[in-house]
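There are 2 protein chains.
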Amino acid sequence: MRLSNFFLPVVKDAPSHAEIASHQLMLRSGMIRQSGAGIYSWLPLGFKVLKNIERIVREEMGRAGAIEMLMPTLQQADLWRESGRYDDYGEEMLRITDRSGRDMLYGPTNEELITEIFRAYVKSYKQLPLNLYHQQWKFRDEIRPRFGVMRGREFYMKDAYSFDLDEAGARLSYQKMFAAYLNTFHRLGVTAIPMKADPGPIGGDLSHEFLILSESGESAIFCDKAILDVPVPGLDFDFEDQDALAREMEKRTQYYAATDEKHDAEAFARVPKERQIAARGIEVGHIFYFGTKYSEPMKATVQNKDGQLVDIHGGSYGIGVSRLAGAIIEACHDEAGIVWPASIAPFDVGLISMRPKDEATATACEAAYKELQAAGFDPLYDETDERAGSKFARMDLIGLPWQIIIGPKAAEKGRVELKSRRDGARIECSLVEAITRMKAA
Amino acid sequence: MRLSNFFLPVVKDAPSHAEIASHQLMLRSGMIRQSGAGIYSWLPLGFKVLKNIERIVREEMGRAGAIEMLMPTLQQADLWRESGRYDDYGEEMLRITDRSGRDMLYGPTNEELITEIFRAYVKSYKQLPLNLYHQQWKFRDEIRPRFGVMRGREFYMKDAYSFDLDEAGARLSYQKMFAAYLNTFHRLGVTAIPMKADPGPIGGDLSHEFLILSESGESAIFCDKAILDVPVPGLDFDFEDQDALAREMEKRTQYYAATDEKHDAEAFARVPKERQIAARGIEVGHIFYFGTKYSEPMKATVQNKDGQLVDIHGGSYGIGVSRLAGAIIEACHDEAGIVWPASIAPFDVGLISMRPKDEATATACEAAYKELQAAGFDPLYDETDERAGSKFARMDLIGLPWQIIIGPKAAEKGRVELKSRRDGARIECSLVEAITRMKAA
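So the protein sequences, as listed, match chains A and B.
So the first sequence is numbered by the working numbering: it starts at 87 and just counts up by one.
So the second sequence is numbered by the working numbering: it starts at 87 and just counts up by one.
Extracted from the complex, chain A is given alone in its bound form:
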C-alpha cells in the first residue's frame, strides 16, 4: 500500500483522557477514533490489526475442532427469561424495545441463543461432542468505559460453546480450549497466564481466566514465576490425545496462579520467594465449565446410548478480540511507539523513500516495493514529500516490525538500510539480503 493512497491520520498529541499507553498510542497512530462513550471506529490501520487477531483466533479454534458460525448482535428478551438471566444480568445489559414493542437486547454473551440453536437440531449423543463459536460484536453498558478498546462498551469477542453428553466429555472439551488458548496467545506474541477464576454471571464451578502481565491491568494477580516458562502445546499438538490434553493443564495448574478474587495468601507464601510474582494483569480470555446450568432450564436434551433423555453439559470460552489489540500494545511498546509482534502487524514492513523527487531514489523504491510484494510481504510504502524526521517518527509510532530506508546514496550503490523496529538495529545491505533476513526472523 502506498501511504498517499492509504488513510493514516496520525495525530501529534493524544487527548488527555487517554490514561494508558495503549489508548494513547492507538489514538496517536490513527488506529481508532472514539465514536461514542466506550464505542470506537477502527480506522484502516487498526482494522488490519483487528482482522489479523481475528484470523489467528479462527485458525487456532479450527485446529481444536471448533466450528465457526455467526449469531446476530440483537437477541430476544424471552430467551433470557428462559434461563432466568434477563432479570439477573443487571444494568450492563442494553435493553431495547423495537417498533412493535418487543423486548430485545444487544447480546453481552450468547449462552442462551446458542442453546436455543443446539436444542432445535441436536437430538442424539451421536452428534456430540460439538463446539460452535463465532466472532461478533457484543455490548455491555459499562457505567465507566475507559482505557479505549480495553474496556469499551461495544467490543468484539470470540465466544465458543461446547456441548457434551456428560461431565467427563465436557471436561475434555474444556481442556481442548485451554490448550488452544495457550497456542492462540503465543501466536499473538504475548504470554497469557491461565488462572483459577470466579465464574461470575456465566455460572459453573470450573473457570480459568487468561491474563497478560501489565502494569495497567485491572486485576491484581499472584503467581509462581515458573508458570511463565512452561512451553505452549505447539501447532502440532494432537487435540484428540486425551492424556496430552490433561498434561497441558496439569503442567500449569501445578503452579500457584490466581487473581485477587481467588487469592490464597497461605498457598502463595509456600511459593519460593524468588519465584513469587505479585503484579497486575489484563484479562484477555475466560473459559467456563457450567454443566447443565443452561441446558436444564432451556431443555437442551439429547438421547444417550440407552435412549434416555439427558441434559447436555456445557462450557463457554471467550477471547476479547478487540481488547487484545490494546492489551498487546500494553505489552509491546517503547518510547517511540508501538512494536508489533510480526504475526499481527498491520503491514509487514515500512518502505521509506528519503527523497521521492530524486529519480534514482524513486526508481529504487518502486522496484523495492514490487519486489517486497513479490516476496510475499505486505509493505507500507511512504513515498510522501515530508521531512525525513517525521517519516521516521511516524514509522516508529505505527510499529511495523521492519523498515527499509532508501536515500540517494544507497540507491546509487544499489543498497538499502534495513532497520529492526524491536531493537533499532540498522544495517546496510542489498534488498535481496534484507528480504532474506526478514524471512529468517
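Hints may contain errors.
Note that identical chains are pooled: a pair holds if it fits in a single copy or bridges any two copies.
[To be verified] In silico DMTMM-like cross-links for lysine to aspartate or glutamate, where the CA-CA straight-line distance does not exceed 20 Å:
{"#": "1", "residue 1": "Lys-477", "residue 2": "Glu-503"}
{"#": "2", "residue 1": "Lys-212", "residue 2": "Glu-472"}
{"#": "3", "residue 1": "Lys-209", "residue 2": "Asp-471"}
{"#": "4", "residue 1": "Lys-137", "residue 2": "Glu-154"}
{"#": "5", "residue 1": "Lys-456", "residue 2": "Glu-145"}
{"#": "6", "residue 1": "Lys-134", "residue 2": "Glu-145"}
{"#": "7", "residue 1": "Lys-282", "residue 2": "Asp-310"}
{"#": "8", "residue 1": "Lys-525", "residue 2": "Glu-514"}
{"#": "9", "residue 1": "Lys-477", "residue 2": "Asp-420"}
{"#": "10", "residue 1": "Lys-348", "residue 2": "Asp-284"}
{"#": "11", "residue 1": "Lys-212", "residue 2": "Asp-392"}
{"#": "12", "residue 1": "Lys-456", "residue 2": "Asp-324"}
{"#": "13", "residue 1": "Lys-456", "residue 2": "Glu-326"}
{"#": "14", "residue 1": "Lys-456", "residue 2": "Asp-434"}
{"#": "15", "residue 1": "Lys-348", "residue 2": "Glu-304"}
{"#": "16", "residue 1": "Lys-282", "residue 2": "Asp-315"}
{"#": "17", "residue 1": "Lys-391", "residue 2": "Asp-471"}
{"#": "18", "residue 1": "Lys-98", "residue 2": "Glu-472"}
{"#": "19", "residue 1": "Lys-391", "residue 2": "Glu-472"}
{"#": "20", "residue 1": "Lys-495", "residue 2": "Glu-228"}
{"#": "21", "residue 1": "Lys-337", "residue 2": "Asp-315"}
{"#": "22", "residue 1": "Lys-134", "residue 2": "Asp-434"}
{"#": "23", "residue 1": "Lys-212", "residue 2": "Asp-471"}
{"#": "24", "residue 1": "Lys-456", "residue 2": "Asp-322"}
{"#": "25", "residue 1": "Lys-212", "residue 2": "Glu-469"}
Honestly, the hints are just simulated from the structure, not real lab data.
Please read all numbers here as calculations on a predicted model, not as lab measurements.
We have chain A already, so just place chain B on it with the hints.
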C-alpha cells in the same frame, strides 16, 4: 472438513412461512436459523457463504482504491441531529437509550458517522480523493420483515463513502464504484443490471440501483435486453483511466433500464419490442452521489488550492452482503436444491463415501480427501453411515459445484465418479483426471 465433524443440520421440510425458494433452501440446507423477527443466525454452512461474498466484495473494493475500516453498530443520536436525519428517518431507525439516558441508535447507514471521522482528520485537498468503506451489521426496523435474509432487520452491508473536492471528482469516484460493482457481481456469479433510481432518504441527484433479475424480486423493472450483453470491465480494468471509466457507464446508460419508480413508458416503448424486458428484480447494490448534502450541515470542509475552505462532495455506495446470499440462490437453484457459483460455494467439492465400512472404499476415500486438499480444494467429506439416497439428496441440496463419489466397485478399479452439480453430468475417471477437470472448469 469431515461431515461428522461439521455442523450441518439439514431439515426435511421448510416451515410454511418461508414463501420463496431462497428462504426455503437456506432453512432446509442448514445455512441459517431465525433468531428473531427478521434476525438470523448464520449456521456454519451459511457463514462460509457469507464470508466468501464478503471476501469478493473486499477484493473488488480494494482494486478500485477504496480503503477498508470498521465503524461500530451503535451510533449517537446527536450526530444524526446535525444532519437533520434523526427526525426524518422514521420508524425504521431503531432508537435506543443507554443506562445513562443517552439517545443512541443502531446504525441503518453511516453517512453521518463517516463524515464526522472525515472532518476530524482531513483538512486539505491534497488528502483527496478518499474512499473509505466497511462491512458491518446494520439494523432497519422493517414493519414486515420477510423472505429470510433478503429483507431482514439485522443485515450485513458493505457501505463505502467517497470524498472529493468538487463535483467532477465526485463523479469520477462514482464511476469507479459503478465499474467495481459490475466486476463484483460478475465474480459472485450473477448479472446485476444498473438502473436509474430514486435516491430516497440518502439524498442527492444521481443514483443507480443494481438489480438481479428474479421473479421473487420486490421491484418491477423495465429494461432493454441489450444491457445484459455488455461485458463487465474485467479484473485488469484500469481504475485510473478516466475515459475508460466514463465509457463503462455510457455502454450501459445508452440502453433503457429503470425500476418502476423511475419508469418512463414512452421511452421504454421506443426499445425494439423483442428486446423489451418487463420483469422483477432484487436490489443488491445502490450507489449515490449527493454532493454537499452531509458536508454542508456537518461542516466537512477542506482547503482548496487557493486556500479557501470548501464543502466536500460526497457519495455513498452500498452492497447488501447478507441479502446477496439469498439473491444468488434465487438466481441459482433447481428442483434438487442450491447450485452455487464456484466463487462463493461453501465447499469446493463434496466427497461421498458410498460404503464407509468397506475397507477398500474407506482407504480410497481417505486418500482422495487428502489429495483434494493437497490440490488446493476445500472438500466436504461425507463419511457417514447413512443411506446412499439421503447422502445424494443432501449433497444436491447444499449445492457444491462438484461431487466425487466412491463406492466399492470404483475403489477396486482405482476410479471415482465425478458429478457436476450444475448439469448433473457424471463421468467415471481417475481422481487425477477429476482434479484436472475441476481445475479447468
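Of all the hints numbered above, which does this structure not satisfy? Sort the numbers upward.
20
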